[in-house]
Amino acid sequence: MKKGCFLTVIFVGTLIIGLIIYIVKSEPSVLKNFAKEKITEYAYKEFDSKFNNLKYSVYNDSLKQYFHQKVDSLMHSKRSFKDAMQDLEHFIKRADVYFDRGLIDSIDYQNFKEYIRDYERPKKN
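Numbering-wise, my numbering puts 1089 at position 61 of the sequence shown, and it's gapless, one number per residue.
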């Protein structure tokens, strides 16, 4: 590598790192919103791929739509990002139980909806 190219790479790299640090310090919500969008996209993609592996039933589409609504409500809630990620993790672990069986029937669908409803309710003190 030539001396001029090396210096250019060091200079441009320093500028890029400085710009990233400035953006993170001055506008932390930009990074948080970007992370939320990427996590939401990934969750949708993973869940949809698992749905494609299930045997067809009448409840697949309903549960898929219900999942998308739940992820949206978690990501756009007023709670902290960490709490939303923990809730999403519990939610996905619960859904994996049904995916491992390979079929969702009416009982599974009702149980899953009740689980979500109970999980969303505020706990009494």
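Simulated from the structure, these hints should not be mistaken for laboratory data. All figures in this text were calculated on a predicted structure; none of them were measured in a lab. Treat the hints with care, as some may be off.
As the list claims (entries may be wrong) - Within a straight-line C-alpha distance of at most 25 Å, the following computed DMTMM-like cross-link-like pairs (lysine to aspartate or glutamate) qualify:
(1) Lys1064 with Asp1136
(2) Lys1098 with Asp1136
(3) Lys1066 with Asp1133
(4) Lys1092 with Glu1065
(5) Lys1141 with Asp1111
(6) Lys1083 with Asp1128
(7) Lys1030 with Glu1055
(8) Lys1141 with Asp1089
(9) Lys1060 with Asp1136
(10) Lys1106 with Asp1146
(11) Lys1064 with Asp1133
(12) Lys1121 with Asp1133
(13) Lys1092 with Asp1115
- Message: Let me make sure I understand: some of the numbered hints might not hold for this structure. Which ones are they, in numerical order?
- Response: Result: hints 1, 3, 7, 9, 11 break, sorted rising.
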